[in-house]
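Visitor: Residue numbers (the working numbering), protein chains in the order written: chain X, 1 to 414; chain Z, 415 to 828.
Honestly, the hints are just simulated from the structure, not real lab data.
Keep in mind that the hints are not guaranteed to be accurate.
Said to hold, decoys possible - Derived DSSO-like pairs (lysine-lysine); straight-line CA-CA distance at most 30 Å: (1) Z:K697 x Z:K605; (2) Z:K458 x X:K283; (3) X:K283 x Z:K605; (4) Z:K431 x X:K17; (5) Z:K697 x Z:K740; (6) X:K44 x Z:K422; (7) X:K17 x X:K44; (8) X:K8 x X:K44; (9) X:K191 x X:K326; (10) Z:K458 x Z:K422; (11) Z:K431 x X:K283; (12) X:K283 x X:K326; (13) X:K8 x Z:K697; (14) Z:K740 x Z:K768.
Protein chains: 2
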Amino acid sequence: MSERDLSKSNELFQRAKRVIPGGVYGHQSPSLLVPGSFPTFISKAEGCRLTDPDGNEYIDFLCAYGPMVVGYRNPQVEEAVERQRHQCDSGNLPAPNMVELAERLVGLTPGIDWTVFAKNGSDAASWSLAIARAATGRELVAMVERTYHGVHGWANMMHEGFPAAERANIVSFAWNDAEGLERLADEHAGKLAAVIVTPFKHEAFGDSVMPAPGFLDTVRTVATRSGAAMIVDDVRAGFRLDMRGSAQLWGVTPDMILYSKALANGYPLSAVLGNDGLRDAAKRVFVTGTFFTQAVPIAASLATLDYLEANDGIARMRELGNRFCKGLSDRAEEAGLAVTLSGPPAIPFMTFQKDEGSFERSRVFAAACAARGVFVHPCHNWFVSTAHSEADVDFALDVAAEAFETVNGQFEEA
Amino acid sequence: MSERDLSKSNELFQRAKRVIPGGVYGHQSPSLLVPGSFPTFISKAEGCRLTDPDGNEYIDFLCAYGPMVVGYRNPQVEEAVERQRHQCDSGNLPAPNMVELAERLVGLTPGIDWTVFAKNGSDAASWSLAIARAATGRELVAMVERTYHGVHGWANMMHEGFPAAERANIVSFAWNDAEGLERLADEHAGKLAAVIVTPFKHEAFGDSVMPAPGFLDTVRTVATRSGAAMIVDDVRAGFRLDMRGSAQLWGVTPDMILYSKALANGYPLSAVLGNDGLRDAAKRVFVTGTFFTQAVPIAASLATLDYLEANDGIARMRELGNRFCKGLSDRAEEAGLAVTLSGPPAIPFMTFQKDEGSFERSRVFAAACAARGVFVHPCHNWFVSTAHSEADVDFALDVAAEAFETVNGQFEEA
């Protein structure tokens, strides 16, 4: 099949390179990872479909890297937004709906007594560490090695530009290494302010890894025994696995939970949720941001939660994700390709075993999918949403079958 | 005059205290600083007018702490927003208008070659330091003591929850102390990555202080001589004093400029602008955020800049600010009260000399204004916008005259 025309997108990219360092920044843009095969810009988004500046359409399994959970321009969310934006948005003071959303989240979430809102996942992550530190009078935080918790100095995985001093109070242990965590806690007895984990391991450029049986329980036990706060960074997985917070899937109740991405279906909002033991510390830690009062994202969040509850969105995404994963697995087998499907069905990811971490076949596969109208990222986990239909998934599977053949064609064995 | 009914707002505040630590957070809410005199929530905003949950109306001279610059729900901005939000907002990739806004800002701003967008002023400030550090291979940053550059660890003025290690690479000098800065630079010769300043000193709980003649020039000279980047934190003042960046008012061209607040009239957007010498470093420093691709705030920004240019917004705000400041000064004199008006006319502030920093009279004054439908903050600088009319300013001055009498009534001299 012929390549899609990306000329308008490419022209924009040439213009962008003059006025934006590198032309694009941030998340590993597939247009940089697989040059020539992906657009660099998106012009239109509706439901689970994207249109690029050249008019090419894509069924989207990246979902804006997670925020889109009930469909781009979901009618119920947009109706709530439309109502709120005629009232107020950024202001001198919050709008009444901030109270409503805090009550809603507290009501939804076992063990949680309060909520504070911000704009980025990074905001929420850094602030939760500050709360734990203020509460305990300690500075050390334990995190899982090579885990993404945002771009602030302590968390920025690239380090460039961030002094080592900003990471001085972070110690780490390996994912699923319960004994390693126990040892670390013993070694730093009386010094740990917090243990922060994601509900499952979902790093870019690697397979996702679910928690081993009992691992999150150990995190909970060790945190409690150490007098440290257990923080679950649910920024990426939140509201795709369990409405009560993803850790509840494994029966674990954290002291703080971080949300962002899907919380407001793409409207900029993040949140720290915590329990009463941390309330005084949360009062004392100074946090603010110019747009933290914004009422429109809060209205979007309330409508997103309504929609997910009314439509049993969690079960729906699991169902669709299972169909997608099983279909990919079957079609890969038919093509004679060994793939690894990882992560929970609603946040799936697929890699090629023969790539051994190079992501070469993944790039070819993603490019072949893009050329046929399916948007998957070569090196970052995917997402399904309630806006996808069985027909969308089946179309993607047909495209995947062709893309597997392209992979076979380019990586023929001797 | 009788107190306004704030019962609905107060009920909401009681609910809020159960699910939000302290009920409100962040910027010093006047409802906490002057209990019983201010609403805690805002329900409606249009032009320069706010309505609280009890239906009380206020002419707003806080402008959402700065973002509102061309009026809440400015029709031209909202029209652009309406168009864009039917296309796309948060997505896998940016929309074409990101290139347009980057080109626009580069074109507007002397000495600037590129732009990168984020969500908070804090994001922009921290990231600019990282760029300077990556560019110079140095870690030390010089800032003006007790200056607000956001809430991240290095900048958080309250310190609580943030380890001293996060402030380890910051050294400081006094505002307007050119010799002090020269000494500091000599002391740390070969070690300074950046010098960061605001265009004028605008700290809460103090009078604003304009730069002394030559002070910003000295910052420029010292930065250049030290091989350090000069960063102007224009988050609060940007697009109220000079469309080319506030430092241009004093003829100074920084290496990086930080914008947020007024950049998109209340839609969440911040930006780091920099020159070619820092472009490679900007490419290397990893920065991202889930909502950084949002196209709606960018559309709002383009329309806000259009509006400011078409209506000579800068001159208009200066004119209105001068009328406001002169009126306040005259009426205070008539009331026999010694006040200090500080800051540029478009970002004015007033304190009572006999308060000697206690802000007691300021609280009484602000409360009396609120009771009469004018929203000024007791301890934080004010803002005017293009949405204010002469009649709005004159109404505020009449209210101020009454509020001065209230102050006189409560602080009668022996």
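Visitor: Each of the hints needs a verdict: does it hold here or not?
Guide: Hint check:
no.: 1; hint: Z:K697 x Z:K605; result: 22 Å, holds
no.: 2; hint: Z:K458 x X:K283; result: 27 Å, holds
no.: 3; hint: X:K283 x Z:K605; result: 37 Å, violated
no.: 4; hint: Z:K431 x X:K17; result: 48 Å, violated
no.: 5; hint: Z:K697 x Z:K740; result: 47 Å, violated
no.: 6; hint: X:K44 x Z:K422; result: 41 Å, violated
no.: 7; hint: X:K17 x X:K44; result: 22 Å, holds
no.: 8; hint: X:K8 x X:K44; result: 14 Å, holds
no.: 9; hint: X:K191 x X:K326; result: 46 Å, violated
no.: 10; hint: Z:K458 x Z:K422; result: 14 Å, holds
no.: 11; hint: Z:K431 x X:K283; result: 11 Å, holds
no.: 12; hint: X:K283 x X:K326; result: 48 Å, violated
no.: 13; hint: X:K8 x Z:K697; result: 23 Å, holds
no.: 14; hint: Z:K740 x Z:K768; result: 20 Å, holds
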